[in-house]
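Participant: Residues 115 to 195, numbered by this note's numbering, are exactly what the sequence shown covers, in order.
Take the hints with a grain of salt, since some may be wrong.
Derived DSSO-like pairs: lysine-lysine, alpha-carbon spacing no greater than 30 angstroms straight-line [stated by the list, open to error]: (1) LYS175 with LYS161; (2) LYS128 with LYS117; (3) LYS128 with LYS158; (4) LYS183 with LYS147; (5) LYS117 with LYS175; (6) LYS175 with LYS147; (7) LYS157 with LYS128; (8) LYS158 with LYS147; (9) LYS161 with LYS117; (10) LYS147 with LYS128; (11) LYS161 with LYS183; (12) LYS147 with LYS161; (13) LYS147 with LYS157; (14) LYS117 with LYS183; (15) LYS175 with LYS128; (16) LYS157 with LYS175; (17) LYS183 with LYS128; (18) LYS117 with LYS158; (19) LYS128 with LYS161; (20) LYS117 with LYS157.
No lab work stands behind these hints: they were computed from the structure. Keep in mind it's a predicted model, so treat the numbers as computed, not measured.
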Amino acid sequence: MPKAEVNGINISYKIEGNGEPLIMIMGIASTKKSWLFQMLAFKKYFKVITFDNRGCGESDKPDGAYSIKTMADDTAGLMAY
Numbered sequence: 115m116p117k118a119e120v121n122g123i124n125i126s127y128k129i130e131g132n133g134e135p136l137i138m139i140m141g142i143a144s145t146k147k148s149w150l151f152q153m154l155a156f157k158k159y160f161k162v163i164t165f166d167n168r169g170c171g172e173s174d175k176p177d178g179a180y181s182i183k184t185m186a187d188d189t190a191g192l193m194a195y
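Hey, can you work out the whole structure from these sequences and the hints?
Facilitator: See the structure below:
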């Protein structure tokens, strides 16, 4: 999977489909693979973007606390990538 450097770490993401972007944000303990069935349905109408939050899946796992603000900043950084 491709990775984007965001806020000093690498975030693993996947893009499928065309159209308006639709970013799927997973909770803390799961990976982008959890969106498989939604991606299959939505990619017919949208450019679907899924990603692994920091500390999950194929994204970097830096030491320290993972706050909601930090994860929101990661999402915003990925959207701007």
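Participant: Work down the list of hints and note, for each, if the structure agrees.
Facilitator: Going down the list of hints, with the structure as the test:
no. : hint               : result
1   : LYS175 with LYS161 : holds (27 angstroms)
2   : LYS128 with LYS117 : holds (9 angstroms)
3   : LYS128 with LYS158 : holds (15 angstroms)
4   : LYS183 with LYS147 : holds (23 angstroms)
5   : LYS117 with LYS175 : holds (13 angstroms)
6   : LYS175 with LYS147 : holds (17 angstroms)
7   : LYS157 with LYS128 : holds (12 angstroms)
8   : LYS158 with LYS147 : holds (18 angstroms)
9   : LYS161 with LYS117 : holds (17 angstroms)
10  : LYS147 with LYS128 : holds (10 angstroms)
11  : LYS161 with LYS183 : holds (25 angstroms)
12  : LYS147 with LYS161 : holds (16 angstroms)
13  : LYS147 with LYS157 : holds (15 angstroms)
14  : LYS117 with LYS183 : holds (21 angstroms)
15  : LYS175 with LYS128 : holds (18 angstroms)
16  : LYS157 with LYS175 : holds (29 angstroms)
17  : LYS183 with LYS128 : holds (22 angstroms)
18  : LYS117 with LYS158 : holds (24 angstroms)
19  : LYS128 with LYS161 : holds (10 angstroms)
20  : LYS117 with LYS157 : holds (20 angstroms)
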